[in-house]
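Protein chains: 2
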Amino acid sequence: MHTRDGRCSNRNYTENEKGRPPQVRRAFLFAGHMNLDFAKAGGLITAVVQDHATGRVLMVGYMNEEAFRKTVETGFTTFFSRSRNKLWMKGESSGHRLVVKEISTDCDLDAVLVKVEALGPGVCHEGYESCFFRRLENGEWKVVDTRSYDPAGVYGGKS
Amino acid sequence: MHTRDGRCSNRNYTENEKGRPPQVRRAFLFAGHMNLDFAKAGGLITAVVQDHATGRVLMVGYMNEEAFRKTVETGFTTFFSRSRNKLWMKGESSGHRLVVKEISTDCDLDAVLVKVEALGPGVCHEGYESCFFRRLENGEWKVVDTRSYDPAGVYGGKS
Numbered sequence: 002m003h004t005r006d007g008r009c010s011n012r013n014y015t016e017n018e019k020g021r022p023p024q025v026r027r028a029f030l031f032a033g034h035m036n037l038d039f040a041k042a043g044g045l046i047t048a049v050v051q052d053h054a055t056g057r058v059l060m061v062g063y064m065n066e067e068a069f070r071k072t073v074e075t076g077f078t079t080f081f082s083r084s085r086n087k088l089w090m091k092g093e094s095s096g097h098r099l100v101v102k103e104i105s106t107d108c109d110l111d112a113v114l115v116k117v118e119a120l121g122p123g124v125c126h127e128g129y130e131s132c133f134f135r136r137l138e139n140g141e142w143k144v145v146d147t148r149s150y151d152p153a154g155v156y157g158g159k160s
Numbered sequence: 002m003h004t005r006d007g008r009c010s011n012r013n014y015t016e017n018e019k020g021r022p023p024q025v026r027r028a029f030l031f032a033g034h035m036n037l038d039f040a041k042a043g044g045l046i047t048a049v050v051q052d053h054a055t056g057r058v059l060m061v062g063y064m065n066e067e068a069f070r071k072t073v074e075t076g077f078t079t080f081f082s083r084s085r086n087k088l089w090m091k092g093e094s095s096g097h098r099l100v101v102k103e104i105s106t107d108c109d110l111d112a113v114l115v116k117v118e119a120l121g122p123g124v125c126h127e128g129y130e131s132c133f134f135r136r137l138e139n140g141e142w143k144v145v146d147t148r149s150y151d152p153a154g155v156y157g158g159k160s
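Chains as they are written, first to last, in my numbering: chain A, 2 to 160; chain B, 2 to 160.
Watch out, some of these pointers could steer you wrong.
Which copy? The list can't say, so a pair holds if one copy fits it or any two copies do.
Calculated pairs, BS3-like style, for lysine-lysine (alpha carbon to alpha carbon, straight line, at most 25 angstroms) [said to hold, decoys possible]:
no.	residue 1	residue 2
1	71	87
2	41	87
3	143	87
4	143	41
Hints listed in this document are in silico derivations from the structure and should not be mistaken for laboratory results.
Could you put together the complete structure from these sequences and hints?
What follows is the structure in structure tokens.
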């Protein structure tokens, strides 16, 4: 898969590149809430995050209007944390940011699909590439991935 | 991509095959609510539906415990419709069912990723393969797909 300007994706990042402005940012001009239906679910829309290169679904988060606006304006995927009740730019502390490559919305405008370039070894605070690391097998959730990094080293044991 | 038993996927369906029992069904033995966190969002978890063969995200729905149980037991993806306030087996009237190939859950057990074989030409009631047929481009949602079927012929003009 290619980036939107046709170049091949290079997933080998160096530390210095973590904070660079995403190139996709210039393609966006933000216009209000883009007619998204935030009212349907108490101010939040569902945001599915998918790796733009591999197609793997990495995580599901939720965005209020401000989180969506920040995602578009900054090019870094930003959620509204339901448990912490505040904005949460993914990777702000860990460096594992999600660089926006493409945003789509669904037919009833209450969900967005964010294709990203995931900086760092994984998006899951438990140390996996994807939060969906458990699969249903014979009536049980089985861990089917191996950890891609040590979460204690990144999050200091906190989630 | 292959099905879980290693065979290549065959996406050319005939009408007669629409109602066949999914082969994956036998792999599941249901055990209660599988520790999913339905309480976090008023009885519902988020269900992301992804085409098992292409990796395309097709739609996002919501499941209560019963919808999840029915999905596992029948092998056909079943949601809880928030707008109609009732269970909704996708494709029950249109025939465009979503045959479960694999179910994963995320780290905090409040979302599932359902990889499916989508029967029929598309999952979206507006006539598209995927509900995510609009992409953000220069501050506007632009339709980037062409319709794969005529929704009026399937849904009779109703959504």
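Practice problem: Check each numbered hint against the structure and report the violated ones by number, ascending. | Solution: Hint check: 3 fails alone, others pass.
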